[in-house]
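**Student:** The primary structure of each chain is shown beneath.
Number of protein chains: 2
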Amino acid sequence: MNYKIDNLQYCNWSRETFEFNRSAGLDAVHVTIVYHEDYNEFLTEIKKWQKLFKDNSDIIFQGWDYRDIEKANKEKKTAIFFGFQNCSPIEDDIKLVEKIHKLGCRFMQLTYNNQSLLATGCYEKIDSGITNFGREVIKEMNRVGVVIDMSHSAEKSTIDAIELSQKPIAITHANPNFWHAAKRNKSSDLLKILSDSGGILGLSLYPHHLKDNTNCTLESFCEMVAKTAEIINIKQIGIGSDLCLQQPDSIVEWMRNGTWSKSTNFGEGTKKKPGFPKQPHWFQDARGFSNIEKGLKKVGFSDEETNGILGNNWYNFYKLI
Amino acid sequence: MNYKIDNLQYCNWSRETFEFNRSAGLDAVHVTIVYHEDYNEFLTEIKKWQKLFKDNSDIIFQGWDYRDIEKANKEKKTAIFFGFQNCSPIEDDIKLVEKIHKLGCRFMQLTYNNQSLLATGCYEKIDSGITNFGREVIKEMNRVGVVIDMSHSAEKSTIDAIELSQKPIAITHANPNFWHAAKRNKSSDLLKILSDSGGILGLSLYPHHLKDNTNCTLESFCEMVAKTAEIINIKQIGIGSDLCLQQPDSIVEWMRNGTWSKSTNFGEGTKKKPGFPKQPHWFQDARGFSNIEKGLKKVGFSDEETNGILGNNWYNFYKLI
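Chains as they are written, first to last, in the working numbering: chain Y, 1 to 321; chain H, 1001 to 1321.
If you're looking for bench data, these hints aren't it; they were derived computationally from the structure.
One should not assume that every hint holds.
[Said to hold, decoys possible] Simulated DEER-style distance windows between Cβ atoms:
#1 Y:Asn215 / H:Lys1095: 53 to 59 angstroms
#2 Y:Ser250 / H:Leu1103: 46 to 52 angstroms
#3 Y:Glu16 / H:Asn1040: 34 to 40 angstroms
#4 Y:Lys183 / H:Lys1272: 23 to 29 angstroms
[Claimed, not checked] When the alpha-carbon atoms are kept at most 25 angstroms apart in a straight line, the in silico PhoX-like pairs for lysine-lysine are as follows:
#5 Y:Lys262 / H:Lys1095
#6 H:Lys1099 / Y:Lys262
#7 Y:Lys102 / H:Lys1095
#8 Y:Lys272 / Y:Lys262
#9 H:Lys1125 / Y:Lys262
#10 H:Lys1099 / Y:Lys139
#11 H:Lys1262 / Y:Lys125
#12 H:Lys1099 / Y:Lys156
#13 H:Lys1262 / Y:Lys99
#14 Y:Lys235 / Y:Lys294
Idealized CB from N, CA, C, for every residue including glycine.
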C-alpha cells in the first residue's frame, strides 16, 4: 500500500482547500493549528476545527495515530493531524503537554524563529541550546507522544534536542542549505546527525526556502532531493510543503511578529515584498504532488523511493510516535 | 533628609509584617507581587493589594514615584512599590509592558533562575544573553519607566542588559560572590560594570546569599559591605533584604519550581533542607536595619555613607526611573 502525506500545511481552510488535498490523493496532512497562541486560544482553534470536521465529514476527519492514515486511504478521505509551530500553548506548565496531546496535538515546534522557554530559534544571534524547562518538556513529549519538530530552531538547539529525545525527531518543513542558504534551511552536518538518529526531514515548497524562490524549477527541486538523499537515508525524507493557501498577508506579518515587537520584522520577506510569495507554477497546491512524482522519477528515483518520499516514509514515522 | 528603604521583600503580608517595617522606620519597600504568574493572575494580585492598602491605610500606601517616598516619610507611613521577579506577566506581548507600568510595576526581573523569553537565568547551563524579544522589552521598559532588575539572571545576560538599557539597571537583591560563592551572588567583574553604568546593588539578607548562612555574623556582613564599596561606588549600594517573613515552605517550593518540572528542584536549598532558611539573629525582620546601621559605622562608614546604604541611595535611584 502506498500513502500520500503532506506533513505541513497552514492554509486558510475551506471546502476548496480540503478538496485540493483530496484531488491530490492525500491520505494525511499535518496542519499547523497555532503559532503564538496560548492554551486558551488553542482551545478556541480546536472549536473551529470541530466545525470544519463536521461540515466536511465526507472528505476529512481528525487523525490520532498511523491507523487513521490507513483508514483515510480506505475511505478516500484525508486524515488531519494537529501541530503547533511554537510552544506557546503549553505556556510555562509541564502538565499542559499531556493535555494538548489528549486534544490531538502530534507535532510541536520547540521554537518559532525567536528564543522560547524551551530552546533557541533560528533568528536569534546566540543559540544556548535546550533550556532547563526544555529538557523536562522533551521527556514529557516523548512520554505522551508528541513529536519534537525543530523546523524553525537554531542548530545547537536542534542537535541538543536530537540527543535528549528518546524518540526520533522531525524537521517537518525545511530544505538543505547547500541548495539555498536561507536562515530556515539546514546544514549538511545537521542533516547527517538527524539521519543517524532516525529523524525525518519534510522538504518544503515554500518559495523562500527554494532556490530562485517562485521561479524555482521542478528539475532543480528534484535534483536537490537526489543530493539530499546522499546525506540523509532516503527512507527519512518526506514532504512538508508549508502551503499557506488563500491566507491574507496580515497572517504572514503576524506569524513573523506575533506580539513581541513594536517595529515590523519582515522575516524571510523584505519591506518591498512583505507578503506571502507566489508558489512555483508546478506546485500551486497539493495537486503538484503529481509533478513532483514525475520529477523524482526523472532524476532517477525508483518507484519505491518515490512513493517513500511522497508519503510512505511519513507513514512509517507516524508508527514511531 | 534621610530615607530608609528596603528594596526587596516578599513577605506573607499582614498587619504585623507592615508594622515590623514601620517599627524599622522604613519609608519605602519594593515588594515582589508576582513570580511566575501571567497577566491575569497579576491582576488578581493587584486586587489583593487593593484590600491590603484599604485595611492598613494608616501605615501603608501604594508608591508610584520618588515623591511618594518623601510623602511616606512626612506621614510616617511606608510607600509600597510593586515589582516582579519574573517577566511572566508580560507573557509574549510587548504592549503589556505599558499596562503593568500603569498598574504600578516599577521593577521587573528579566528572568527568574531559568531561561525566559527575554534573557537567561543564573541556573541555566549556557547564557545566550538578551533575546530578540528582550531587546524590544528593554527599550519599552526604559520608555515607560520600569527598572530592569537582573538579580536572578546569568552574567552575560546582565552585562547585555546594562549595555542595551538607556537607563541604569538594578540588582535589587544579591551579594558579591567574593564573599559567598552562591549561584545567585555576583562576580566582581560584573559589579564593576554595574557601577560604571550607574546601576545599583541591593545587598541581600537572605541566608542562602550570606556567608555561613543563618550563622552569618553582623561583623562579617558589614566587612563585606566595606569590601564591596571598593568595587562599587558607595552611592550605588543599598539594601534589598529578600525577607520572606511568615511564608510557608510550600511557597519556596513554588518559587523554585513554578509549573515547569515534574521533579522537584531544591534551588539554593537541599533535599534535607528544602524550606525557607532561618534569618540570622541580628536580622529577623526589618527592625534589624538598626543593627546594620551600628555595624556599618563600626567598620568605618561615615554617617552619610551609612544613611546612603540604608536608603538614600535607593531614593536617589528612584529619581532616575
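**Student:** All hints are to be evaluated individually against the structure, with a verdict given for each.
**Tutor:** How the hints compare with the structure:
no.	hint	result
1	Y:Asn215 / H:Lys1095: 53 to 59 angstroms	violated, 39 angstroms
2	Y:Ser250 / H:Leu1103: 46 to 52 angstroms	violated, 30 angstroms
3	Y:Glu16 / H:Asn1040: 34 to 40 angstroms	holds, 38 angstroms
4	Y:Lys183 / H:Lys1272: 23 to 29 angstroms	violated, 48 angstroms
5	Y:Lys262 / H:Lys1095	holds, 8 angstroms
6	H:Lys1099 / Y:Lys262	holds, 15 angstroms
7	Y:Lys102 / H:Lys1095	violated, 32 angstroms
8	Y:Lys272 / Y:Lys262	holds, 19 angstroms
9	H:Lys1125 / Y:Lys262	violated, 31 angstroms
10	H:Lys1099 / Y:Lys139	violated, 36 angstroms
11	H:Lys1262 / Y:Lys125	violated, 31 angstroms
12	H:Lys1099 / Y:Lys156	violated, 36 angstroms
13	H:Lys1262 / Y:Lys99	holds, 15 angstroms
14	Y:Lys235 / Y:Lys294	holds, 19 angstroms
Hint check: violations occur at hints 1, 2, 4, 7, 9, 10, 11, 12; the rest are consistent with the structure.
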